[in-house]
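Position chains B and C relative to chain A; hints supplied.
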Amino acid sequence: MKNGFTFFLGLFLAVALAWTGIVMGSHVQLGHLAPYFDENEGKAFPERMPGIAAQGQLVYQDLGCAACHTQQVRRPDFGSDKARGWGDRQSVARDYVSQAHVQLGESRVGPDLATFGARPLAVDATRLTQYLYEPHGGMPAYRFLFEERKITGERSADALKAAAPAGYEIIPTHRAVSLVAYLQSLNNVYEYPEARPVEPAATKEGESK
Amino acid sequence: MTTAPQAADAAEVTEIDTSARWPLLLLLGSALLWLVLSGILALANLVQLHTPEFMAGCSALTYGRLSAIQETAFIYGWAANSGLAVALWLLARLGGAPLRSLNWVVAGTLFWNFALILGIAGIATGDMTSNAWLHLPAYVLPMLLVAYGTIAVPGVLAWTGRRKEMTFAAQWYAVAALFLFPWLFSIAQMMLVFAPERGVLQALVAGWFVQGAWTLWLAPLALAAAYYLVPKITGRIIPSYDFAQLSFWTLLFVGAWTGGRHLIGGPVPAWVATIAVVSCALLLFHYIVVAVNLRGAFCSGGSTVLKFVAFGLAAYVAGGFLDAYTAMRGVAVHTQFTHFSEGQAQLALNGAFSMLMYGAIYFLIPRITGLAWPSVPLIRAHYAAALTGTIVLVVTLIGAGCVQGHDLNTAAIPFADIAGHVRPWLLAATAGQAILLLGNLLLATHLFWLAAAKSAAPAVFNPAPTMEASVS
Amino acid sequence: MSDLTPKDPRVEQAGASDESLQAAHEKLLGRKPDDGAHYKMLPLVLLFVFSGLIFYAGTYLNQYSARYDATVFNENGHSTKGVTAVAKIDPMVLGKKNFELVCATCHQVTGLGVPGVYPPLAESEWVNGSEERLIRIVLHGLKGPVSVKGTVYSAAAMPVFGKVAASGYNWSDDKIAAVLTYIRASFGNKAPAVTSEQVAAIHAKEADRKEWSAEELLKLP
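As they're listed, the protein sequences go chains A, B and C.
Heads up, the first sequence is in my numbering, so the first residue is 4 and it goes up one at a time.
Heads up, the second sequence is in my numbering, so the first residue is 577 and it goes up one at a time.
Heads up, the third sequence is in my numbering, so the first residue is -13 and it goes up one at a time.
Just so you know, the hints here were simulated from the structure itself, not pulled from any lab data.
Hints are supplied without guarantee of correctness; some may be wrong.
Unchecked claim - Label pairs and their computed distance ranges (CB to CB):
#, chain 1, residue 1, chain 2, residue 2, range
1, C, Gln94, A, Arg51, 32 to 42 Å
2, B, Leu1003, A, Ala165, 22 to 32 Å
3, A, Pro79, C, Phe34, 53 to 63 Å
4, A, Arg51, B, Ala960, 55 to 65 Å
5, B, Ala960, A, Val192, 52 to 62 Å
Said to hold, decoys possible - Chain A residues, not near chain B, derived (Cβ > 10 Å throughout):
#, residue
6, Phe48
7, Ser159
8, Ala160
9, Tyr193
10, Glu194
Ideal Cβ placement from N, Cα and C applies to all residues, glycine included.
Looking at chain A on its own, in the form it has when it is part of the complex:
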């Protein structure tokens, strides 16, 4: 390593080549990925989530929910994601194009949430909000997303059916409401062409693609 310049050039190339290959290479392929327009439905998928759900995604991020939950479904023959009802098809890159902060996650202490919006727990917002306050299973309770408010006059329509001190009710804060909206919006089920590619009919046996 006598020649200083060559050595530093080598060091720089080491990081530059990997960056070019992995990051830039995939950027070239996926950087301009656009939603897919479906003629039948007359709209583009993935649909943009409503504003309150986008706020909920920020809540999801800042609470670190990705530490226990993934949002990527594996294909049916790679694990048991489909058998568990977590999704019929593999998640593809296009599922995430309209998300500002992708929360893929790397750990499944809790179930996968990519298609959570379609599950029974998510369909009813009240039930899901209740779950955040009193979960069962291994999930911790997120009681700091709620506030105890003194009942003045009528009970609020948002009040949870939960035990509260006399004269008080439990109300979800805006963070809880937006988080619930976000969880309900998680529904990557649209079948893009690349999610289920079709074998070309004309391919003969043994012919390479």
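This is chains B and C only, laid out in the frame that chain A set:
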């Protein structure tokens, strides 16, 4: 070759070491404080894993945030500070001249730690990002980058301004780590935080950064220490040293390509994961050569430092083989998304990196301070605790991961039952982490005792023999 | 050389000086590795290992990279450029949807129209008759009086629906074909479906033009 007189050759401690005393002590003292803090937080986090009610009411310490905080404190607190200290010291000694701009090192250390505290407070109050190993909020990242630069520049200058022309393996690894991290860090900041990439590309850049931070930053820092300590203490030349260069460049050129390792089966084109699998396999060459080169550590002849180095090397090589094994898709389908990956991370961070750093710290502190460590039992106790704690933690996490992976892939097992199956393993892992924390406390206490005690014994160095350039 | 008595861990002694350490390794890099028989095997073994790993890497890359295609997420999968499974358009579903969205505004959901203002589609000779005329009406619009089932309607004009100049709707040929298929099979009509190819042929033939009049259409076969 040297033109200096023989008397100067024999001096083990010179002005190079004494001039760097306070900056390095500041770095190492901060590193050990972060080590203890991250150990406490990691223990709490593990408890939350099997007992979700633990501290669930505190929004600053909810599981997701605490996990990010303890990871940040470990990597940017303990690993960065100790790695920088060891790298600077190695480059100065092997370069043959005292470090320059040490005031910048002190300023940089203070700013780095200040920014880190600010960042961790930010995570606790809700500003964390979702990128693995880069959870810090956006507002502290530029400060960290600049602080790192001020600490690293004297190290790089110690290489470019070295007195001797030829260089040794420890120097290559140290200067590579110092030089490469700012590139990784700044690119990751730009593409993930300040001008975020679109969609799933965020996960790709995050994966590239994590693997780059390990293979191009932390692993070289640890290997720099290992490559110096083993021949230095055993007095024997490194066998097959001519392969060390090839192994070095293999690590650097292949290392960052393993970025897609965590995206196997994920929403990225298949080639990303395939390249990661292939790179993990190619890296095996690097691990084999490191094992061959540094096998002298295993015949330590009673040296305590080499006991740490030996365990660190064993963990490093085992980790490399484990990475290549779990990268294979047939295995990844069972180990992905489970505690197995966490176990691998602990093997690399606590097993390999930390143990090698402990060895380096025990070796260099007497040399920069001129004082001996006060207590033999503390050193032995630390070794026992670190060894036991790391083994228990890694083995139980991997066991938990195997059980969890098998259960996840068996659809007949309801999801709610999986936590019950995994619980005993996690309880054992908590015990392992507690032992590890105890060891960290012992080391931190020991260093502060050395620094504070007025009656510490001076370190006496025997004249160092000359190394023979032949295989015995 | 190191002896086997345990050393004092409080100060780790050096086994060699830094200068001699570096000098010895510098010398080693310059030497030929041929002294000592046991030294010869190791480089060969390591080279074999490295070559083996490179071979494995190359083979694996070739087999499982799916030609670096951006749309292949399964490493066993093949690229399907140009042959992707586009969702099949069901004309009845698409046609019904667009009819109820747009056409029913005037022709009513029942297809009966508004007497004296909008002609009916149910059992209309224009709908069940020649496709040449029907397609042109939708593509380019109809202006002027037109006789449907004995009644003359001159109050309103049929707007332009095709992808032609001055069109507000810009419907694709597929969509027009779907809607026409739908109305030909609904409201009591039992005429054959209209295909996208038929619409496309007429579109290509006529290109841009102003609205048709009933007289011009009746001149067509």
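Do the hints match the structure? See the list:
1. Gln94/C <-> Arg51/A: 32 to 42 Å: 34 Å, holds
2. Leu1003/B <-> Ala165/A: 22 to 32 Å: 30 Å, holds
3. Pro79/A <-> Phe34/C: 53 to 63 Å: This hint is violated: roughly 40 Å between Cβ atoms.
4. Arg51/A <-> Ala960/B: 55 to 65 Å: Given a distance of about 57 Å, which is inside 55 to 65 Å, the answer is holds.
5. Ala960/B <-> Val192/A: 52 to 62 Å: For Val192/A against Ala960/B, whose Cβ atoms are near 54 Å apart, the range 52 to 62 Å holds.
6. Phe48: 13 Å, holds
7. Ser159: Nearest chain B Cβ is 22 Å from Ser159/A, so the label holds.
8. Ala160: At about 26 Å from chain B, Ala160/A clears the 10 Å cut-off, so the statement holds.
9. Tyr193: The claim holds: Tyr193/A sits with its nearest Cβ about 14 Å from chain B, beyond 10 Å.
10. Glu194: The claim stands: Glu194/A keeps its Cβ more than 10 Å from every Cβ of chain B (closest is about 14 Å).
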